[in-house]
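Protein chains in written order, with this note's numbering: chain A, 1058 to 1649; chain X, 1058 to 1649.
It cannot be assumed that every hint is accurate.
[Said to hold, decoys possible] Using C-beta positions, here's what the derived DEER-type ranges look like:
(1) X:Asn1180 x A:Ala1069: 43 to 53 Å
(2) X:Gln1148 x A:Asp1292: 51 to 61 Å
(3) A:Ala1236 x X:Asp1604: 50 to 60 Å
(4) X:Ala1317 x A:Asn1585: 55 to 65 Å
(5) A:Ala1366 x X:Glu1594: 44 to 54 Å
(6) A:Lys1499 x X:Asp1604: 33 to 43 Å
(7) A:Ser1226 x X:Gly1522: 36 to 46 Å
(8) X:Ser1323 x A:Gln1116: 47 to 57 Å
(9) X:Thr1310 x A:Glu1141: 53 to 63 Å
(10) A:Asn1180 x X:Ser1342: 19 to 29 Å
(11) A:Ala1209 x X:Gly1164: 50 to 60 Å
(12) X:Lys1233 x A:Ile1359: 43 to 53 Å
(13) X:Gln1148 x A:Ile1359: 22 to 32 Å
(14) X:Glu1094 x A:Lys1144: 54 to 64 Å
Just so you know, these hints were derived from the structure itself, not from any lab. For each residue, glycine too, the CB sits at the ideal point set by N, CA and C.
Number of protein chains: 2
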Amino acid sequence: MTHIEKLQAIRAQMKEQNIDAYIIPSSDPHISEYLPEYYKCIAWTSGFTGSAGTLVITQQFAGLWTDSRYFVQANDQLAHTGFELVKLRVQHMPEYVEWIASQFTAGGTVAFDGNLASLAVANAIQSTLASIGFTINGHVDLLSSIWKNRPALPTEKAYTLPVSTTGESTAAKLTKVRALVKQKRATCHIISSLDDIAWLLNIRGTDVPCNPVTLSFVYLDAEKVTLFIDATKLDEATKQELQGFGIHLADYTALPQAIAAIPAGSTILLDPKRTCFATYDNVPSTVTIKEDMNPSTLLKAIKNEVEIAHERKAMIHDGVAMTKFFKWIEENVGTGTLTELNIAEHLLGLRAAQPGFKDISFNTIAGYKDHGALPHYSADEKSSYDLKTEGLLLVDSGGQYETGTTDITRVVALGTPTQEEKDDYTIVLRGTIEGSMAIYPKGSRGYQIDAITRRPIWATLRNYGHGTGHGVGFFLNVHEGPHVFNPTPTDIAIEQGMITSIEPGLYREGKHGIRIENLVLAKDLEGNQFGDFMDFETLTICYIATDLVDKKWLEQPHIDWLNQYNEWVYNSLKDFLSTEEATWLRNKTKAI
Amino acid sequence: MTHIEKLQAIRAQMKEQNIDAYIIPSSDPHISEYLPEYYKCIAWTSGFTGSAGTLVITQQFAGLWTDSRYFVQANDQLAHTGFELVKLRVQHMPEYVEWIASQFTAGGTVAFDGNLASLAVANAIQSTLASIGFTINGHVDLLSSIWKNRPALPTEKAYTLPVSTTGESTAAKLTKVRALVKQKRATCHIISSLDDIAWLLNIRGTDVPCNPVTLSFVYLDAEKVTLFIDATKLDEATKQELQGFGIHLADYTALPQAIAAIPAGSTILLDPKRTCFATYDNVPSTVTIKEDMNPSTLLKAIKNEVEIAHERKAMIHDGVAMTKFFKWIEENVGTGTLTELNIAEHLLGLRAAQPGFKDISFNTIAGYKDHGALPHYSADEKSSYDLKTEGLLLVDSGGQYETGTTDITRVVALGTPTQEEKDDYTIVLRGTIEGSMAIYPKGSRGYQIDAITRRPIWATLRNYGHGTGHGVGFFLNVHEGPHVFNPTPTDIAIEQGMITSIEPGLYREGKHGIRIENLVLAKDLEGNQFGDFMDFETLTICYIATDLVDKKWLEQPHIDWLNQYNEWVYNSLKDFLSTEEATWLRNKTKAI
């Protein structure tokens, strides 16, 4: 079936069912960012494989609303599909809702599959359109009947992690979550987000590429905890371990019945951003819904000492792989055999040789020259450049280790850099350094760190279109909330133990892209009469190239930071490298 | 009647009416910050005269919830009143609501006068307490019956400003507001906020000290505009001018009847932050309420070219007064006759001698030595210090001129400063400079400018407890929204034409206070492939003392900024000063 035929089939059903606009969000019942094949509805319908977007189909128009990260990719992938790219002005905003309102001034019927939309998205649709005469139907699945050979739901094995890895038992975590559910004046709670479940039950899986999670739901109240999961994923020992914590097992598909059975008079806590509309809509009218963030989300974000100690080890493994990688690049770029694709393969091999490696944490972005200017570039056979002894190479990659998740971006010059390349590189580096050096009062928000990181870049009339940093899980999703460093007014305090990336960038279309990314740990620093202050400890251990630095953009504190960082990288890694590798790294980490 | 007796009288009524908790917010039906005497309910009830606070009275407890700016003042003023100070953790948060919830675990009746609370405050009370068994009554006035000799509502004259002053006619402003009301899908609109009305109708008054506004409401729909005002405030010419714009006049007290008469099926736009609960609650159930910011608020904040040109002139007048003031201080501090009180009087005289002066824009804060450490200090006969040839003097003051509103803070050393004074001063100055030099993309928010201003101060483990800046009106309120530079996630973009203060500070209890405040104008700077950028033009024209600067805290760009600023101050003012004054200023503005 071509995309054009799929679109025709959807439109035919829309006509039959009197639907004026059909919305396909890019999500699943767990509001995941990375989807199992079964839930890749946008890719199947339109061919667009980016991780964020929304399709809206009317009889006259079919569009993909996505943000600037995906403009180039979407333009390519949507050619001849019948779908057109609609450029979002603001990332993640449901701007298509206003578009629908403008298209049907006399109202109409708007439908979507409530399993694919968060309550927050459904509310945004409802609140704008219902008041101006639209009928909203969140129970319409137009894909299942036409999607032949749809991939099955994943059935990969799941397993538990020991307390020696996670630092906190499932029993202790359940106690904390129950206390917070009670504090929010609710009597029961459903968790749909897979990383929250993974954290709470110290369970991991391989259902979703790059994210070590397992498809499931959790229901809990004061007496009972039920894990809804395909039982074939669990071996007997794991089942017994979970049951030992008082956890009941039920089938993955049994959640709706369980929701219907919630006793009248209960108050259920649901996270509107991490619960799908279908789950919300199943709640009996005799049950009060309390909307609030999943308590596990904040608990999970604040890493305990055991997790942090493990994460520090993972950083050494990852730094060793990265060091070997860049040495290999430098030594082989002259042979003419390196490509964007095969260096990503080689990097995977180097990571895989490290202890505890399980998977990459996202698809490696190896962007050479102008490909680096596409922040979410993913090379394929057609696009992959051959590497030469010139230009800049940007590599953004990460690993899932049993002891932690990594995410790092470095840029190296494969030949003699131009002045423009050095200017852009040093300006970004100053942003990374000022963000990393930031001292901030307890209670500060991510938007403040974002502004501090961008300030020196803005001062040169430059900017980047993505966030400055995202939370990172502990052997979990590489994008993890609730905290984030970006310009949006996200009202979440930075707390000791949170791990976040700092990754400013600059993208010069047709020329090069620069991004310098480390993971940092938020820590309490000291208190005095002016308040309590915090700072960051940089966790990522990989040299920052200095041949691209032009010191005219830096003040002495920045140069000191860079020299101390590179010295620390050398000292942290040298015992894990061969003599030859250590000598190579010693040279890369010389003070400037 | 003593405060104790008032409290007894209120409690007696509470018993009679079965009220468990009575809330007295510090506001009026216009949600004003500065209140006419008639509405100073908190001052009358408890003796506390600060501009922000809330009283909560139960049979067991009577408390004033206020923020750190007022802790010292409240402690003093509440002594022997029966009221206790409750320290707010977060400014402007209704933390008393949680307290009430904790006091009456089985629920109860909570009452307040809906004329004194914004809809937002009423909603906060309602949303927390109603769900846990409280009855809320927003129509209870327990003060009127016991408040003998209550001051009358003000009856001061109001007058209009010509377009040559305001830059835009009332007709044009009405057209814009009506278009925005329609765009927000409403059919009518009530404006309660006095500065919005003053802007919309180009009208000013003297009902409220420091704020050139007149007590009134406006109702408007597509056909009609009604101004609710005590008609004795307007002379015949002004009445005719307003009627010429199609504005109907009705009595100030006639609003409730007008609301009751809104046709069924209408949609009324009300600003929940700037409309009182009583007004909201008067709306017939057949009318849909659309809650959104008053359209006039954003229009008013973006100054037009005429306003900006006038404001620049007002800054010269104000700078001349400030220059004469500091010269006078320097020449007279040795005589032992200066006090915090009489220097404020002298400054008023200097401002009053300037063209177009109408009033001060807020009560002058002249804080010497440790009094400077109280950010909202107001000297009285008892507290006023004598000035000596030592220590720091902080003066925060402003004027209302027919051509603009000013607000400026400077700190000067009256003797030889200590190293700690110089350190604190220079660190604050670096904050003022970095905020003023900021370059930022179009669409940036005030919290980003706040973070940029604080960063160098945080870096020294110092901080200040107030916002970095507030919007300032054009010959209107010195505090004007919707934009603000503070750490809260206020989602309002900075737009070209907005005037805001930049005023970081440091307060060393028992020693000194430092704040260096200028008003700045947001301006479009330039666009390129990375986006459109903006910066600030500093409007305030008054030298910044350099004898308190220790250059070790500054980088060269800060020193350049300071020297250029002082040079510009000298050149802007010298023609308006006597030769002797100009010579004195030349010396103060020498490059460092």
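Verification of the hints:
no.	hint	verdict
1	X:Asn1180 x A:Ala1069: 43 to 53 Å	holds, 47 Å
2	X:Gln1148 x A:Asp1292: 51 to 61 Å	holds, 55 Å
3	A:Ala1236 x X:Asp1604: 50 to 60 Å	holds, 57 Å
4	X:Ala1317 x A:Asn1585: 55 to 65 Å	holds, 57 Å
5	A:Ala1366 x X:Glu1594: 44 to 54 Å	holds, 52 Å
6	A:Lys1499 x X:Asp1604: 33 to 43 Å	holds, 35 Å
7	A:Ser1226 x X:Gly1522: 36 to 46 Å	holds, 41 Å
8	X:Ser1323 x A:Gln1116: 47 to 57 Å	violated, 35 Å
9	X:Thr1310 x A:Glu1141: 53 to 63 Å	holds, 58 Å
10	A:Asn1180 x X:Ser1342: 19 to 29 Å	holds, 24 Å
11	A:Ala1209 x X:Gly1164: 50 to 60 Å	holds, 52 Å
12	X:Lys1233 x A:Ile1359: 43 to 53 Å	holds, 48 Å
13	X:Gln1148 x A:Ile1359: 22 to 32 Å	holds, 26 Å
14	X:Glu1094 x A:Lys1144: 54 to 64 Å	holds, 56 Å
Comparing the model with each earlier hint shows a violation of hint 8 alone; every other hint is respected.
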